[in-house]
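Chemist: Residues per chain are reported as follows:
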Amino acid sequence: MGLIEKLDAAQSKTDRPGLAPGDTVEVSVRVIEGDKTRQQKFRGDVINVRGSGLRKSFTVRKISEGVGVERTFPLHGPTIGEIKILKHSRVRRAKLFYLRNKTGKAARLSQVRSAGEIGTK
Amino acid sequence: MMGLIGRKVGMTQIFNEQGEVIPVTVIEAGPCTVTELRTQERDGYLAVQLGFGAQKESRFTRPVLGQFTKRNLPPARHLREFRLDSLEGMELGKSVTVSIFEAGHHVDVEGVTKGRGFAGVVKRHKFAAGHASHGPTHGKQPGSIGASAFPSRVIKGKRLPGRMGGVRLTAKNLEVVAVDPEQNMLLVRGAVPGPPRALVLVRKRGN
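Protein sequence lines correspond, in order, to chains A and B. Mapped onto the numbering used here, the consecutive letters of the first sequence carry residue numbers 373 to 493. Mapped onto the numbering used here, the consecutive letters of the second sequence carry residue numbers 631 to 837.
Keep in mind the hints are simulated off the structure, nothing from the lab. Cβ atoms here follow ideal geometry from the backbone N, Cα and C, with glycine treated the same way. Incorrect hints may appear among the rest.
In silico contact screen, one side only, chain A against chain B (beta carbon under 8 Å); selected entries [what the hints assert, rightly or not]:
#, residue
1, MET373
2, LEU375
3, ILE376
4, ASP380
5, ALA381
6, SER384
Please construct the entire structure, taking both the sequences and the accompanying hints into account.
Modeler: Next comes the structure, spelled out in structure tokens:
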């Protein structure tokens, strides 16, 4: 194994779930405030998964107080605690950027009934 | 300044404690052997010559091999000199490793840039290219290269297409992110000249 592969392997987290666009997730983020750290949860839909290996990242979109908020996380980032997948939805795109132009009922995703259909991939 | 000969392995990224991504170049540096001392009396300047990389003996010509055998040193594939202010602590055969660097230090990294061949002005001199559509036919051409009857020649130094890359370049003041003496590995923030596997010289900075 080369030096780069070793470095990447050492930093890769093995407990990260396989995410797919359309998944509704809750991401626990460690936030450092002064000398205290606390967990912050960010819950929303995965609208983008990009990159591979250590560089893989994903974007979560949620509507917070009527305003669309998106956050992109590095999948293997050390400040990311747990990534909980709450539901899988049926989507027909790899990138769900069209949700940015939808509001209200149109911005909903329909859940996959048979559990594990996407999750096992 | 004291330095080390190494090989660029490639680039990757690491996370710091804040979770920020730091782009790093991985350099496999050393171990190097001091193969020659340049002294004020004999050579007129102070420097060490370092040898890096094993090479089987049959690859050397007899005279070059003799330079190693007469000093009882292992034959090294690459030899480079590093100018020093003082030869204190330096002796023939001394091994130099990445442990001369520390995380947080700053270094200069010298190497030969990737050869780009005969490159046009857009790539070579960062000229702005014309619009690809909507009519103009300027494309990536250099445009006018001077006036007409006067001076009836092209001004020297005019930036034109030509050979690009393949020249020695020093990336200065790069932060050392991590040092691993066990693997002879050096992580340096940012990019370094040359392709993967290229020979690079890592120098300590100033002080």
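Chemist: It remains to establish, for every hint, whether it holds in the given structure.
Modeler: Here's how the hints hold up against the structure:
1. Taking 8 Å as the C-beta cut-off, the interface hint given for MET373 (chain A) is violated, the closest approach to chain B being about 11 Å.
2. About 5 Å separates the beta-carbon of LEU375 (chain A) from the nearest beta-carbon of chain B, less than 8 Å, and the hint is met.
3. A distance limit of 8 Å between C-beta atoms decides the matter here; for ILE376 (chain A) the minimum to chain B is near 5 Å, and the interface restraint holds.
4. Below 8 Å, beta-carbon pairs count as interface contacts, and ASP380 (chain A) has one with chain B at about 6 Å; its hint therefore holds.
5. This hint is violated: ALA381 (chain A) has a C-beta 11 Å from the nearest C-beta of chain B, more than the 8 Å allowed.
6. Taking 8 Å as the C-beta cut-off, the interface hint given for SER384 (chain A) is violated, the closest approach to chain B being about 11 Å.
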